[in-house]
Amino acid sequence: MELTTRKLLTIVTEAALEDILVRDIENLGARGYTITDARGKGSRGMRDATWAPHANIRLEVLCDADTADAICTALRERYYDNYSMVMYVGEVVVLRPEKF
Amino acid sequence: MPSFEPVILFFVLGAIAGFVRSDLKIPGVLYESLSIFLLLAIGLKGGVELARYPLLDVALPALAVVVAGALIPLAAFPVLRRVGKLSTADAGSIAAHYGSVSVVTFAVGSSYLARLGEAAEGYMTVFLVLLEFPALMIGVLLARRGERGTPWGQVMHEVFAGKSIVLLLGGLMIGWVAGPGGIAPLDSLFFDLFKGLLAFFLLEMGLVVARRFGDLRRAGAFLVVFAVLMPLAAAGLGLITGMLLELSVGGVTLLATLYASASYIAAPAAMRIAVPQANPALSIGAALGITFPFNLVVGIPLYHRLAQYLHHAGA
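From first to last, the protein sequence lines are chains G and W. Start counting the first sequence at 59; every next residue gets the next number (this note's numbering). Start counting the second sequence at 520; every next residue gets the next number (this note's numbering).
Keep in mind that the hints are not guaranteed to be accurate.
To be verified - Pairs of lysine-lysine, DSSO-like flavour, derived with a Cα cap of 30 Å:
hint : chain 1 : residue 1 : chain 2 : residue 2
1    : G       : K99       : W       : K544
2    : W       : K544      : W       : K682
3    : W       : K714      : W       : K604
4    : G       : K99       : W       : K714
Just so you know, the hints here were simulated from the structure itself, not pulled from any lab data.
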């Protein structure tokens with residue numbers, strides 16, 4: 059079995075941004091993504107998802123290093139100043155690299 | 520009979536539960552379901568009532584109500600800027616919240632009047648729908664004066680395709696087309712259960728307000744005072760507009776309630792996208808933390824009294 063490494067980019071941010079972010083990352087070359095509802099606490103306080111304006115999402119993208127880099131750069135520029143957003147990138151092993 | 524609407528006791532219960540850090544939690548899906556129900560029910564009810572009036576009888580007053588309502592964000596903005604020393608973004612966003620309306624405040628006002636047997640013009644729901652969005656546009660324009668790059672397409676989509684407008688307007692259309700007879704089979708769901716489900720919703724709002732109470736401390740003294748005086752001033756405008764339009768006591772009360780109320784569902788969603796620099800804790804803290812409970816407990820009975828007084832004086 060051939061194993062290949064890819065980047066797993068995780069973005070934790072405000073649910074209000076979901077539609078815009080999806081469009082952004084697809085334009086930047088992501089071929090798929092997974093979104094889950096999330097809650098937690100960070101520098102902008104408690105995001106407890108008790109109602110819509112306080113809800114968070116976690117958006118995960120499997121992609122190559124260049125795409126991950128492009129997404130991180132663009133999102134940091136566009137959203138870091140005004141929105142709750144955390145991004146991190148890890149390396150993962152995938153089974154079907156042609157998908158990502 | 521107590522002089523306040525008993526359903527607001529559920530709001531108080533929710534707030535207490537939040538303050539004592541009870542593990543009581545309304546699941547997100549229930550909150551979503553309740554808001555869908557309330558918006559649809561209010562729309563339907565308005566549509567059924569609207570079917571009784573010729574459209575032209577409603578169109579002119581509606582235009583007057585929207586034009587007068589536009590004064591609210593326009594007046595609030597300079598106060599927030601100069602007196603409150605808030606940034607343009609924050610002032611514009613808060614002005615939009617106060618110019619737009621709260622559906623739940625309207626619902627509590629309606630049931631307050633219904634309990635007292637005070638009739639109101641059925642087309643008040645049309646005003647509710649029409650007052651929801653112009654202030655959001657005005658707020659965005661004020662907040663982003665001279666700035667380029669407002670994502671207008673996105674903002675318009677957020678406002679007009681948002682669930683509040685879709686369900687209110689959709690319900691209104693369905694009620695209007697179907698008429699009272701057509702909706703009758705649905706009465707037991709949409710109208711009989713309305714108050715019970717409103718109670719659930721208010722319980723949740725109480726929890727949210729209590730959990731977000733910390734935001735108020737960040738908002739500061741100016742915003743706390745603003746959140747009480749602004750609804751009073753806006754209600755005054757509503758009373759005058761309602762009297763000039765020769766609405767009934769109930770109608771004048773509801774128009775004052777609409778003008779006094781501040782949006783905390785549609786406005787936060789739209790402002791977050793349109794004016795990212797604005798701090799949502801300030802606008803939501805003021806609109807939901809102070810103005811909403813103020814209108815529920817003090818405002819609505821007060822506006823009703825004043826409407827009675829004005830009608831009495833005018834008669």
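Results for each hint:
{"no.": "1", "hint": "K99(G) - K544(W)", "result": "holds, 18 Å"}
{"no.": "2", "hint": "K544(W) - K682(W)", "result": "holds, 23 Å"}
{"no.": "3", "hint": "K714(W) - K604(W)", "result": "violated, 41 Å"}
{"no.": "4", "hint": "K99(G) - K714(W)", "result": "violated, 35 Å"}
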